[in-house]
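Visitor: As given, the protein sequences belong to chains A and B, one line each in that order.
Residues 1 to 108 (the numbering used here) are what the first sequence spells out, left to right.
Residues 1 to 237 (the numbering used here) are what the second sequence spells out, left to right.
Certain hints may be false.
Here are the computed lysine-lysine pairs in the BS3-like style, where the Cα-Cα straight-line distance is at most 27 Å [to be verified]: (1) A:Lys-43 with B:Lys-125; (2) B:Lys-125 with B:Lys-90; (3) B:Lys-125 with B:Lys-96; (4) A:Lys-43 with B:Lys-126; (5) A:Lys-86 with B:Lys-181; (6) B:Lys-2 with B:Lys-96; (7) A:Lys-43 with B:Lys-181; (8) B:Lys-90 with B:Lys-181; (9) B:Lys-90 with A:Lys-43; (10) B:Lys-228 with A:Lys-43; (11) B:Lys-89 with B:Lys-125; (12) B:Lys-96 with A:Lys-43; (13) A:Lys-43 with B:Lys-89.
Simulated from the structure, these hints should not be mistaken for lab results.
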Amino acid sequence: MSTAEALITIAVVAVLTFLLRFLPFLLFGRKERPSPVLDSLNKLLPSAIIAVLVVYCLKNVSFQQINTFVPELIAVAVVVLLHLWKRNNLVSIGGGTVVYMLLVQLVF
Amino acid sequence: MKAELRYAVRQTLPVMIGYLFFGTAFGLMLQNIGYNFLWAMMISLVVYAGSMQFVLVSLLAGAFNLPAVILMTLTINSRHFFYGLPFLKKFREMGKAYLYMVFSLTDETYALLCSVWIPDHLDEKKVRFFMALFNHLYWITGSTLGALGGALLKIDLRGIEFTMTALFIVIFIEQWISAAKTTRAPAVIGLLCGLVSRLILGPDRFILPALVVTVTTLLALRPILDRKANEKGEKGL
Chain A
1 MSTAEALITI AVVAVLTFLL RFLPFLLFGR KERPSPVLDS LNKLLPSAII AVLVVYCLKN
61 VSFQQINTFV PELIAVAVVV LLHLWKRNNL VSIGGGTVVY MLLVQLVF
Chain B
1 MKAELRYAVR QTLPVMIGYL FFGTAFGLML QNIGYNFLWA MMISLVVYAG SMQFVLVSLL
61 AGAFNLPAVI LMTLTINSRH FFYGLPFLKK FREMGKAYLY MVFSLTDETY ALLCSVWIPD
121 HLDEKKVRFF MALFNHLYWI TGSTLGALGG ALLKIDLRGI EFTMTALFIV IFIEQWISAA
181 KTTRAPAVIG LLCGLVSRLI LGPDRFILPA LVVTVTTLLA LRPILDRKAN EKGEKGL
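Bound-form chain A, shown alone:
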């Protein structure tokens, strides 16, 4: 691939990615008064999407082999328990990550 072709490839990815992020603003952003549908989506959508993203993060979990689900299962439990106990983002995220790293590096 020539330098020009590489630059075109990168530009196309950049422009399309931006357009996808900009599309809702283009379609719905101009209205002066927000519609009731969009108004309730504003309230309902974020927590639903976060839930889908949790599944997305764990998408490679598979129950075929022990090392493709046990480390995730334990680390997720650690995050949940730490967070319910301390309610401190950094403690929960840091603790869960350290446990996960130890599990995948030393145990599984």
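Using the hints provided, position chain B relative to the given structure of chain A.
Guide: Below, chain B without anything else, positioned relative to chain A:
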């Protein structure tokens, strides 16, 4: 201004760790196929989309194929279409920063901006802008460092990618707790739609269908969900 900067750094710390790691991985991969740190820096500056940039490495390694580039970008990044919806008004009110806020709406920035609570004495718009900007800077820094000398890194970092998963789980729990005042149904619907789509379609193709089904279900149940949210909201007062 200083207080806003400090608050934004604190809020974005988990993303900092994750982005430095993933950025480094991206820089390393890019450098491996013969593109130096200037390319890594430039791509992370203008594209700024995690998983897509990893695919971009393989696209750059292959022969020039514009239709493939277009198709891959649209399928992998289509989920971003949904991220702007809660911010239609908020971003527009941010004046000069408006387009940058739209541009920088990655999975992680979306999740942080949805869930962040900003104290009254801070300028909300500034905090939001700095959070978006810092995440972008972590990503660029990671990519550049990775391309410069990530291979020299001798520490075993396997598993550090779990920071992102942990971040989303923490945000999920926070929303779950605060939803006691309104309704937890949207979180349950999202979780179910995600799980069912993942089980049926497999790990590589499920995210867009999952989001479409989630939004459709929310729209279909909107009258009930709205009523529930309002009822409980009143009781809470």
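Visitor: For each hint given before, does the structure comply? Return the numbers of the non-compliant ones in rising order.
Guide: Result: no hint breaks.
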